[in-house]
Amino acid sequence: MEELEFRYGGQAHSILSCLDESIGKIDDFLSSEHGFVCGDIVSSVTDKSGQTGRVVNVTMLVDLESLYGRVIKNMDSKKLSKIRSISVGDNVIQGPWIGRVDKVIDSITMLFDDGMICEIDGTDQEKLVPLPPNLLEDPLYPYYPGQRVQVRLPTAASRSTRWLCNEWKENHGMGTISAVNAGTVHVDWLACALGGCDEVSPQTSPPPVQHANDLTLLPLFLHENWQLGDWCRVPAVDTKEIFVIGKTKTTVDIAWQDGTSSFGLYSQSLLPVNVVNAHEFWPGQFVLEKSANDDEPPASGGQKWGIVSAVDAKEHTVKVKWKSFVDMSNTGSDQVEEVVSAYELAEHPDYSYCYGEIVFRAHVDDHPSEDYTSCIGFVSGFKDDGIEVTFASGAEITV
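Residue numbering for the sequence shown follows the UniProt record's numbering, starting at 1 and increasing by one per position.
Hint data in this document are derived by calculation from the structure and do not stem from the laboratory.
These numbers were taken from a predicted model, which means no experiment stands behind them.
Any given hint could be a false lead.
Quick list of simulated restraints, FRET-style, between CB atoms [stated by the list, open to error]:
(1) Pro207 to Gly356: 23 to 29 Å
(2) His211 to Tyr266: 38 to 44 Å
(3) Gly264 to Glu289: 35 to 41 Å
A virtual CB, placed ideally from N, CA and C, is assigned to each residue, including glycine.
Let the sequences and hints guide you as you build the complete structure.
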């Protein structure tokens, strides 16, 4: 019961007065669906052919409820945003470098009861004491917009407190949090888009401690990762009010091995495939003709390469568009289609891209003045025998 009250806020009080509504909420809470993301391998619950497919698109609709009981149904998850602009685990960019966020220290904007406003960062947050009732008891978000707090700052406020209106007075005791943003961010730098930066070290990479305003978020399929119980904002509805996700409804598009596609399948109609052997292939995948010596690892030099068109899961055969190894950049010419055994193929070692994989634009060194957000991106799809890439700038290309 306490868990339900936490998830459903003010409307939890209707459990006794409206039994039907309460049972519906309990059913929503207990109902579950498989959470799929782009690139996942799945099989159909009803298809017994043994064929598998790859998730190529995810559409998620969510039901939301605010801290004060406001309900929004069937909201597209693409319209949601996190409470903070940057969270732990996000991939961020500074210059030619990309890294992963290890820690975030909030920057909190406070509105005192007498109208004074200040920003509080760092250690001063320890002097913010939440006042009951604390509606959002989530360790990931100790502070949230609309929260009432008592402020225990010294007479001379610390250096990390920036006053936007007037200055500290002893009677500034209570107030309301008006905004919570990412402030100081600790980043584990992973790689550099420039040549000569192969080794990540403190001497070559940016400082690990950064301000959020100096970082650019790389949005890897953010709309797919929402889960039941997550807190979020809906900027198109209200920039400050926060909501909890009470129900999710997910549909996916699938590219099957036989070359056909299915659209808008409910996740309950699919099963995840967690173990995939080396002889499973999918349309759009780059492959090599296997060497005569099975003990030799796949090598790209001098071998025939091709792009998978379709797979017969029962016969273990693959239809491949073959090309010579002369020109990898020209996928549309001199293609000869052939059906071969799946056991005669190997995944191309140099072009084994997967959904969500971070990539750099080639020859970045030739354009040093170019915005690096147009050079760092991720694999967002496979189309027309090519790879779709979405850059941090929002630009999309197929290569």
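Quick rundown of the hints versus the structure:
1. Pro207 to Gly356: 23 to 29 Å: At roughly 27 Å between Cβ atoms, Gly356 and Pro207 fall inside 23 to 29 Å, so the hint holds.
2. His211 to Tyr266: 38 to 44 Å: Since the Cβ atoms of His211 and Tyr266 sit about 43 Å apart, the hinted range of 38 to 44 Å holds.
3. Gly264 to Glu289: 35 to 41 Å: With a Cβ separation near 37 Å, Gly264 and Glu289 satisfy 35 to 41 Å, so the hint holds.
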